[in-house]
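K.L.:
Listed in order, the protein sequences are those of chains R and P. Counting from 1, one number per residue, gives the positions in the first sequence under my numbering. Counting from 1, one number per residue, gives the positions in the second sequence under my numbering.
Everything labelled a hint here was simulated from the structure, so no lab data went into it. Treat the numbers as computed from the prediction; the structure is a model and nothing was measured. Heads up, some of the hints might be wrong.
Said to hold, decoys possible - Calculated pairs, SDA-like style, for lysine to any residue (alpha carbon to alpha carbon, straight line, at most 20 Å):
id: 1; chain 1: R; residue 1: 217; chain 2: R; residue 2: 25
id: 2; chain 1: R; residue 1: 64; chain 2: P; residue 2: 4
id: 3; chain 1: R; residue 1: 64; chain 2: P; residue 2: 31
id: 4; chain 1: R; residue 1: 64; chain 2: P; residue 2: 30
id: 5; chain 1: R; residue 1: 105; chain 2: R; residue 2: 161
id: 6; chain 1: R; residue 1: 64; chain 2: P; residue 2: 65
id: 7; chain 1: R; residue 1: 105; chain 2: P; residue 2: 65
id: 8; chain 1: R; residue 1: 217; chain 2: R; residue 2: 31
Said to hold, decoys possible - Examples of chain R residues toward chain P, derived with CB under 7 Å:
id: 9; residue: 19
id: 10; residue: 47
id: 11; residue: 89
id: 12; residue: 93
id: 13; residue: 171
Yeah, the Cβ is synthetic: ideal placement off N, Cα and C, and Gly gets one too.
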Amino acid sequence: MDDPFVIADREYTSRLITGTGGAANLAVLERALVASGTELTTVSLRRVDAAGGSGVLEALRRLKIDPLPNTAGCRTAAEAVLTARLAREALGTNWIKLEVVADDKTLLPDPMELLDAATTLVDDGFVVLPYTNDDPVLALRLEEAGCAAVMPLGSPIGTGLGIRNPHNIELIVARAGVPVILDAVPMPASDAALAMELGCSAVLLATAVTRAADPEKMATAMRSAVVAGRLARQAGRIPQRFWAQASSPPR
Amino acid sequence: MTIEVNGSPREVADGTTVADLLAAMGLPASGIAVAVDGEVVPRADHVRTSVSEGAVVEILTAVQGG
């Protein structure tokens with residue numbers, strides 16, 4: 001495989017991880033997932049209701065996409081650890097996207113609870129992918145705790161503000177020994193490319209696709225953007241200059 | 001006796017197991033996870049784990065999200 005995306009013990013071709021939230025219905029979601037080329041997709045865990053399951057797991061199985069359960073909605077390490085264990089039981093995977101948010105206004109990760117939960121889950125045999133702040137120190141601590149990747153946010157969930165602190169993302173990438181996956185970027189495709197140009201190994205997005213006017217087309221756009229950004233990063237950009245420099249020979 | 005299932009009270013017979021409860025609710029054993037009083041009950045233990053009066057049972061499944 002040319003330039004595989006290696007994370008823990010798995011190899012993927014696609015560097016676009018998608019979410020399943022926000023889609024109008026399952027048919028729309030399925031078409032978007034196929035168009036995105038994704039091989040890893042998040043799902044949430046919720047109480048069963050009288051209507052039964054949502055069918056999302058069956059859809060992922062049919063499309064041969066690995067499910068990545070998350071702990072969305074958890075506020076404490078204890079809640080997140082229990083949710084992760086329930087997800088492992090329900091889905092038969094020890095992979096978990098760890099989310100522990102501090103409050104509803106910002107939905108920003110709670111650093112202390114996050115690190116605490118990550119440590120517990122790594123010890124319990126989980127492959128932990130933490131959703132984290134764009135904080136280079138916290139990213140390093142999570143890696144030291146044994147996380148298989150770090151997933152810094154571009155901006156708070158749902159704000160659509162793109163990558164607010166590109167320099168912090170570069171700092172995280174510069175020191176990381178595990179894949180850096182840019183998360184929470186309901187953003188234009190240009191920002192997905194930017195994330196890859198900054199050196200991220202992959203991009204995770206959901207509502208940017210599922211809530212687009214044409215989810216299938218946006219999924220295709222994001223897929224192309226991630227590939228373009230990855231190639232650009234590997235190609236090496238020209239240095240920035242203060243003054244102009246002619247590209248044609250002098251007359 | 002009365003137990004709590006996903007936040008709602010439910011009447012069940014004495015000696016009801018997790019497996020009995022799932023069957024009564026028409027739920028499959030796969031694709032779901034059960035916690036009783038905050039502890040995960042692995043699928044293999046469903047048939048031999050009985051719930052007691054006042055037990056708090058959570059039954060979860062995967063939904064679209066994230």
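K.L.:
State for each hint whether it applies.
P.N.:
Cross-check of the supplied hints:
no. : hint          : verdict
1   : R/217 x R/25  : holds (16 Å)
2   : R/64 x P/4    : violated (36 Å)
3   : R/64 x P/31   : holds (16 Å)
4   : R/64 x P/30   : holds (18 Å)
5   : R/105 x R/161 : holds (15 Å)
6   : R/64 x P/65   : holds (18 Å)
7   : R/105 x P/65  : holds (19 Å)
8   : R/217 x R/31  : holds (10 Å)
9   : 19            : holds (4 Å)
10  : 47            : holds (4 Å)
11  : 89            : holds (4 Å)
12  : 93            : violated (10 Å)
13  : 171           : violated (26 Å)
In this structure, the hints that do not hold are numbers 2, 12, 13, in rising order.
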